[in-house]
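K.L.:
Grab the two chains, each in its own frame, and use the hints to assemble them into the complex.
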Amino acid sequence: MSAVIDTRKLRKVYRVGAEDVVALDGVSVRVRSGESVAVMGPSGSGKSTFMNLIGCLDQPTSGAYFLEGQDVSHLHGDKLAEVRSRKIGFVFQGFNLLSRSSAAENVELPLTYSGVPHEERRERAASALKAVGLGHRMNHLPSELSGGQQQRVAIARALVNDPAVILADEPTGNLDSHSSEEIMRLFLRLNDERGMTIVIVTHEHDIANWTARIVTFLDGHVVDDRPSAQVAAARGSA
Amino acid sequence: MTAGGLLRVAWQSLVRNPFRSLLTILGIIIGVGAVITSMAIGAGAQAAVQAQLARLGSNLIVVVPGSIITGGVQLGSGARQSLKIADAQAIQQDVPDVAYVAPQSGTNAQAVAGGNNWATSITGTTPDWLQVESYTMASGRFITQADETSGAKTAVLGATVAQNLFPSSDPVGKTVIVKNVPFLIVGVLAAKGQSGFGRDQDDQIVVPLSAMQLRLNGQNWLGVILISADSPDAVDSVVSSTEALLRLRHGLTPRQPDDFSVRNIANVQQAASATSQVQSRLLAGIAAVSLVVGGIGIMNIMLVSVTERTREIGIRMAVGARERDILLQFLVEAVLLSCVGGAIGVAAGIGAAYATAQGAGWQVLIVPASVLLSFGFAAAVGIVFGFYPARRASQLNPIEALRHE
Chain A
1 MSAVIDTRKL RKVYRVGAED VVALDGVSVR VRSGESVAVM GPSGSGKSTF MNLIGCLDQP
61 TSGAYFLEGQ DVSHLHGDKL AEVRSRKIGF VFQGFNLLSR SSAAENVELP LTYSGVPHEE
121 RRERAASALK AVGLGHRMNH LPSELSGGQQ QRVAIARALV NDPAVILADE PTGNLDSHSS
181 EEIMRLFLRL NDERGMTIVI VTHEHDIANW TARIVTFLDG HVVDDRPSAQ VAAARGSA
Chain P
1 MTAGGLLRVA WQSLVRNPFR SLLTILGIII GVGAVITSMA IGAGAQAAVQ AQLARLGSNL
61 IVVVPGSIIT GGVQLGSGAR QSLKIADAQA IQQDVPDVAY VAPQSGTNAQ AVAGGNNWAT
121 SITGTTPDWL QVESYTMASG RFITQADETS GAKTAVLGAT VAQNLFPSSD PVGKTVIVKN
181 VPFLIVGVLA AKGQSGFGRD QDDQIVVPLS AMQLRLNGQN WLGVILISAD SPDAVDSVVS
241 STEALLRLRH GLTPRQPDDF SVRNIANVQQ AASATSQVQS RLLAGIAAVS LVVGGIGIMN
301 IMLVSVTERT REIGIRMAVG ARERDILLQF LVEAVLLSCV GGAIGVAAGI GAAYATAQGA
361 GWQVLIVPAS VLLSFGFAAA VGIVFGFYPA RRASQLNPIE ALRHE
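Chains A and P, in that order, give the protein sequences.
Using the working numbering, read the first sequence as starting at 1 and increasing by one per residue.
Using the working numbering, read the second sequence as starting at 1 and increasing by one per residue.
Isolated chain P, as found in the complex (with noise of 0.2 Å):
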């Protein structure tokens, strides 16, 4: 019998009994649906973890000072007075593979200007700092090299800063006054929202390093390094170099601990991906034991199919159709219902993948591989539970199956 032929017989045989093909293939519609639907919300999460991280920069290595221990009591990480100008001088200078350095010195501060005043926190840093946190000017300009040598008053507005400070004018060329000191604004940093930890980044006002320690804090020793490395490929050759640069230059004994920490977001990074793959592969698992399930439905169905049409076998096989024929014929109708289950299914787990993303408001991303993937191992699941029962079909013997009521 021709493909075509095949497929007519057995369409037919299924539109014969609606009802029954549907139930017969909603566990593979299911199966299907839950496969595409889970790795849509796993997908649309995980991008949605890894947007907030890139926003940190893939390429950032972040030193804090390490935690003291007094009388007993061990305080936290970043309590040590430990990192200084010259160690961010000396990471640039001798670690390979660094692109940029930036110290960074901060306080909390009452920001004023014109009548208006708002609380926010002062960063002290290097003309690095904008590249490594990967942050745009929206205008006027960064500080520079040269206001860090000379320690000038200028500064950078976030853009919530400035929004509450300049409700209704451009703030560059104004002044801004922290703890007494009059700054002159030279530019406004642009809008980068909330970090992936819920911080909001605009909020800040930035100064030159040198100005901060003189004139803001009066300290000369560093809250963070920022390191932000060539590649993402040399942040664990950056992160190694930079440990051994520190302990040489504090003078540690190999047997004492570090008094600095050097972390890197692109572990944060690997963890979080790792996480939600997990998550995934766990949400496909179960959606592909139900396809099995589903495939075990259209096996009973089959049998029950083969055994109802036992005369319709032996009349086909009494004007001529062979072996192959008959296993075929039941074959193509076993893969057809688990495919017009798996088309539902894709049909259906878009859908609801959408429906997700409106009802719940979560990020949803169709994965293109999880459609094909499912409803590949849909049609397998056909083939494979169909051709027990298709066997079957091929083996009765005609004269019996002739004689059945």
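Isolated chain A, as found in the complex (with noise of 0.2 Å):
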């Protein structure tokens, strides 16, 4: 299968008062299309650095990044929020939904930047609030939907562009083990049924489980690449 995903060397230097801070000491990794994939570390470890690479938010200090084979590591301002629009489904933490918006608008909001006309929108919007199991909560605030259902819009939102790949940041983080259990229920079966590739940060190992690789990062680098628990298990079972 294709690298969705593909990494080379990458690497991240900010600059601190008159220090540089190494976040990312080439980093090579590669996803293939459909695969699930938990990024784990200790805070500190570089892992929000590569999130914010892979999805298009910052640039590298050096080194190369493949998103569905194009070379997007010297992209910048504009040509990158076009690259997030069309190929990268972000789930923050903390939900990010605007609160003044019903969880369709929320859910059409990528849609406006990419200029898909209004039927559309709502159509895309409405099938997306579905397939997370929201059709009856489109023109719900989010004020009035609990922490897992706005996860869930959330979700939707990420899906409605159709995008390369979900990246999740600690999608969990603010939820009880129920809702938890719910949201990584629910991106197992998009990867399941839609083969959606699906990137997952977390520092949880419960989380980590879920998803049928673990990547680890340790002080900028990968220190572990192998299959979870649960794959292993299934294994050994096998």
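The hints are simulated quantities; they were obtained by calculation from the structure and are not laboratory data.
If you're wondering where the values come from, they're calculated on a predicted model, not measured in any experiment.
Backbone N, C-alpha and C fix where the C-beta goes; we use that ideal spot for every residue, glycine too.
Do not rely on the hints blindly, as some may be mistaken.
[Said to hold, decoys possible] Mimicking DMTMM-like on lysine to aspartate or glutamate, the simulated pairs with C-alpha atoms at most 20 Å apart in a straight line are:
id	chain 1	residue 1	chain 2	residue 2
1	A	Lys130	P	Glu148
2	P	Lys84	P	Asp170
3	A	Lys87	P	Glu323
4	A	Lys79	P	Glu148
5	A	Lys87	P	Asp325
6	A	Lys87	A	Glu68
7	P	Lys84	P	Asp258
8	A	Lys79	P	Asp258
[Claimed, not checked] Taking beta-carbon pairs under 10 Å as the criterion, some of the chain A residues facing chain P (in silico):
id	residue
9	Asp58
10	Glu82
11	Arg84
12	Gly89
13	Phe90
14	Leu97
15	Pro110
16	Tyr113
17	His118
18	Glu119
19	Arg122
20	His136
21	Ser228
22	Ala229
23	Ala233
P.N.:
Shown next as structure tokens:
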């Protein structure tokens, strides 16, 4: 299968005061289409920097990043925004919904920036909300929804542009265990049924084990990259 | 994002905080309103002054005798006996672009008719006077050249005189006695009202100049010569030609000063309109300053708004908003603010102008250009002062914006 994400010796250096801080130091990771991957590591390990780079929110200091075969490591500004709009779906820990807009309007948001006509936007937002099981909550404001439901709206928003990959940054960090499980089941279902490529940043092993592969960061390096316990267990039992 | 979408998003964010939006645009409302009201009052005053001056006739030139000095005492203008009927005739014949010339001599007298009497001023003049002074006849006829030539004892009454001497009957054909001389009333002038200087222009009796000089004041000099130029453009040349002609006729050497004075109503008119123009420009300038202050208010609130909505901006950027999308969103919001302020200001300004008209009894005139200008200026203020905050929003780093609490 072709690589959706292909980073080669990705390096990111931040300047803090007079000092250079190396956040990422030569990270090469390939994620194939249809994979589900967990990115783990303690804080300061570089996993957030990695997510920002593969999410096209930031540019690497050096190295290359191919997203669906396109080198995007030198793009910036509006070009990067265009890549985000077409190929990336974000899910955040804090949901990051527009609080005064309804669920449907939130889901439509990415489509307004990619020039999709009004009617089509509404249809696609409705079908994305149905896909996450919120077809009956379209006109509710985020404040009228539970945390789990809000995160599902955010997932619908990530889905609506039919992206190459969904990047989730601690998607269960603000949820109770029951809602967390629901959200993880939803991710896996999207991965299974639609072949959606999913990368999830987390620091919880329980959550990481829902995915098929776990990449572990430490001090800006990838120190471990292996199938998850779930997969190992499945293989062991097979 | 489409224009409609941009407007909708901008409108939503304005109505989300209506009180703050209102305070933000208060400066614009006051600025636009002040421009429109001050221009309306200024234009109204100017129109009133112009209307009064127009009643004098815009082509009117007035020649009065000069002053004289006797024993070191300088008497006022008009004291000299320097203007003669021949001067008036010469002006009529020799000065180009002259339409009418009316030599005039006057006196004050008690007019008696029937059982009534009335103190009024008597004007002796020639038939041209009617055109020069732009009067019309209410009834009867004006004095004619035949009256003038024969020294006929005919009289034309001003409306005020007619009303006081003949409260209930038509004066034409009746007799009025002035200084023991009976005059046949041949006509009544239509009322003209007060002059620009508060004189009742209808309180006079007009008689032939010859009759005046022969029978009433016994003078052969004139109080004034009224000249009407062909057109307002010809006024200046008529003035200079008249001056030259009169100097020649009076035998003045180049070193001697004029023994007469030529005045031009257009000058007065220009001075009056220049004054009111300066006034309305001053007012408009003050109003423009308050518009700029209003613009600074908008910039201030837009900067606050950008800070408050940093996270929203981050979300929009993460889902694919380009710099231009964010810039436009905030710019449209600022312009919408200033346009709403401008629209309310237009309404408030027109309302205040009419309230002034009602309350103070002043004439006001809404100047359409001031409405367009101030509204356009308000919109421009929105663009100029909205640009910096909008640009700042569009330049935010999406990662930091998303992390913003």
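K.L.:
Now, for every hint given, state plainly whether the structure supports it.
P.N.:
Outcome of the hint check:
For the given pair, Lys130/A sits about 106 Å from Glu148/P by alpha-carbon distance, which is inconsistent with the 20 Å threshold. For the proposed pair Lys84/P and Asp170/P, the alpha carbon gap of about 36 Å is over 20 Å, so the pair is violated. Proximity of Lys87/A to Glu323/P is assessed by CA-CA distance (about 18 Å); at most 20 Å being required, the pair is judged to hold. The suggested pairing of Lys79/A with Glu148/P is violated, with an alpha-carbon distance near 95 Å, which exceeds 20 Å.
Among the hinted pairs, Lys87/A with Asp325/P is consistent with the structure: their alpha-carbon atoms are about 18 Å apart, no more than 20 Å. Restraint check for Lys87/A and Glu68/A: the C-alpha separation of about 9 Å stays at or below 20 Å, so the hint holds. Proximity of Lys84/P to Asp258/P is assessed by CA-CA distance (about 15 Å); at most 20 Å being required, the pair is judged to hold. Among the hinted pairs, Lys79/A with Asp258/P is inconsistent with the structure: their alpha-carbon atoms are about 84 Å apart, more than 20 Å.
Hint on Asp58/A holds. Least Cβ distance to chain P is approximately 6 Å, under the 10 Å limit. Against a cut-off of 10 Å between C-beta atoms, the interface hint on Glu82/A holds, since the closest Cβ of chain P lies about 7 Å away. Taking 10 Å as the C-beta contact cut-off toward chain P, the hint placing Arg84/A at the interface holds, the least distance being around 5 Å. This hint holds: Gly89/A has a C-beta 8 Å from the nearest C-beta of chain P, less than the 10 Å allowed.
Checking Phe90/A against chain P: minimum C-beta separation of about 5 Å stays under 10 Å; hint holds. For Leu97/A, the interface hint holds, the least distance from its beta-carbon to any beta-carbon of chain P being 8 Å, beneath 10 Å. Among the interface hints, the one on Pro110/A holds; its C-beta lies about 4 Å from the nearest C-beta in chain P, closer than the 10 Å criterion. Annotation: interface hint on Tyr113/A holds; nearest CB of chain P at approximately 4 Å, less than 10 Å.
Annotation: interface hint on His118/A holds; nearest CB of chain P at approximately 8 Å, less than 10 Å. Checking Glu119/A against chain P by beta carbon gives a least distance of about 13 Å; that is not within 10 Å, so the hint is violated. Annotation: Arg122/A was flagged as interfacial toward chain P, and the flag is violated, the nearest CB pair being 13 Å apart, outside 10 Å. Checking His136/A against chain P by beta carbon gives a least distance of about 24 Å; that is not within 10 Å, so the hint is violated.
Because the smallest distance between the Cβ of Ser228/A and any Cβ of chain P comes to about 27 Å, over 10 Å, the interface hint for this residue is violated. A hinted interface residue such as Ala229/A counts as satisfied when its beta carbon comes closer than 10 Å to some beta carbon of chain P; here the least separation is about 31 Å, so the hint is violated. Taking 10 Å as the C-beta cut-off, the interface hint given for Ala233/A is violated, the closest approach to chain P being about 35 Å.
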